[in-house]
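So the sequence lines, in the order shown, correspond to chains A and B.
Using the numbering used here, the first residue of the first sequence is number 188, and each one after it goes up by one.
Using the numbering used here, the first residue of the second sequence is number 5, and each one after it goes up by one.
All the pointers check out, no bait thrown in.
No farther apart than 30 Å at their CA atoms in a straight line, the calculated lysine-lysine pairs in the DSSO-like style are these:
1) B:154 x A:298
2) A:429 x A:201
3) A:274 x B:154
4) A:325 x B:133
5) A:212 x A:408
Hint data in this document are derived by calculation from the structure and do not stem from the laboratory.
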Amino acid sequence: MPTQIPIRSETLLKAENLSWVKKNKPILQGINFSLAPSEHVGLIGPNGSGKSSLLKILSFLETPTRGRLTFQGENIPRPIPLELRRKIAVVFQEPLLLDASVQDNVATGLKIRGLHREASRHRVQEWLERFGISHLSKQHARSLSGGEAQRASLARAFVLEPDIIFLDEPFSALDAPAKEALVADLASIFAKTQTTAVLISHDFNDILRLTERTVILLDGKVAAEGSPSELLHFPESHPIGKFMAHWQKA
Amino acid sequence: MELIWQGITAALKLLATGDAEVIGITLLTLQVSGTATFISLILGIPLGTFLALKQFPGRRFVLSLVNTGMGMPPVVVGLWVSIFLWRSGPLGFLNIMYTPTAIIMAQAIIAAPVVVALTSAAIQQTDPKLRLQIRALGASNFQYLWLIMKEVRFSLLAAVIAGFGAVVSEVGASMAVGGNIKGYSRVLTTATVLEVSKGNFDIAIALSIILSLLAYLVTLALTLFQQQRQGE
Ligand SMILES: Nc1ncnc2c1ncn2[C@@H]1O[C@H](COP(=O)(O)OP(=O)(O)OP(=O)(O)O)[C@@H](O)[C@H]1O
Ligand SMILES: [Mg+2]
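Okay, chain A solo, but in the shape it has when bound:
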């Protein structure tokens, strides 16, 4: 049964035997995970299986209780240096925009990195265009529709051109056509740029279109990993097969 894809020798981010305990509750246990440059990995699993938690740890927003995390082969020091944190970007399920205009929101991460308005304007404009919201650049973020806000949130992360981008269900607020358009845009952005990405999604089509490798989490553990299509071959009696069957019907 194909559950393992050979790990490429060149790894960008690697987690070994990670565990995370919160309020005496084990949330993640013995996670091994690696990410190669330019790779797009899908992270799937039922509600509460620990996907968002793993993403927060991999994006340096939470500290694991046990285990080793390396970036480009180097151990990650604690506390995590700012330069390292600035190599990654995260898009959450909710757009979480600041109380400012769209362009100021998209420029925030660049400003944080010391780039001034003039210097970042071009880059901001470029990414607003890629996500099809350049006409909204002066509009206040709080007055955007859900789909527009999600695009602004994506632009805010992509404009940083980070080494790794983490996407936690970035399409859940969108209607079907808006989502379809955004997934197509993302697919072309992934193809054109060297972005490395981890995508959490509850939609198998997103996973198929945007990622080459899929990791399934069940109860805080990595249950299997492989190409998206390989994961469909588990029998329904197997916990993974059961999850995949439900998932596809949804």
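For this one, chain A is given, so just place chain B with the ligands on it according to the hints.
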């Protein structure tokens, strides 16, 4: 009715002629309460932010003290500041009893809990997920705090308005530590009380109109600023 009309006419006359003493008192009031509010912001915003974001044992206790402090009668603050500033008191060496500086000190103590409580309430109301997103954007600790404060800027402005309103209108502390010395430490509220006690209702009414106008204008300016930015 007669009394009221007399008072209002006299008041308008005082205002129209630009009575030097009245102008002096008004300017001092503005200066003293403005400085006190400013000091309370310098102390209160960081402290309020700390209380909102930092988990430590005794945090709730400190917050409850701050909330009690908000309702502390100014005269009580005045009494305690006096005890400290009297020649024999722990801060007696400063020699600032019965000076405008003493009033600033007392008023800053009155405004600080208001600023701390409102700041901390505003920051606690921000979405923890938004705060995590700010971190995820690569913010340093300082940038993190700055962006959160920007997020609650209108509530912080409300804290400024409330702090200023609390001190410009108080009389107990100004009286106790300022001494209401003519041409030196007399502010609008203490002057009003004095004129009332002397039976000079016309001047008292004039002063009270100025006081209300002052409080109104400062609040109006801050509110306009707040609402204009909101509509951006
Ligand atoms: N900070 C925390 N404190 C306590 N429990 C937590 C914390 N964060 C997550 N959990 C718990 O860990 C489990 C995994 O949560 P997580 O958000 O990672 O799941 P998920 O796989 O992203 O689920 P979903 O598909 O619903 O988004 C849940 O039971 C959740 O309640
Ligand atoms: Mg989740």
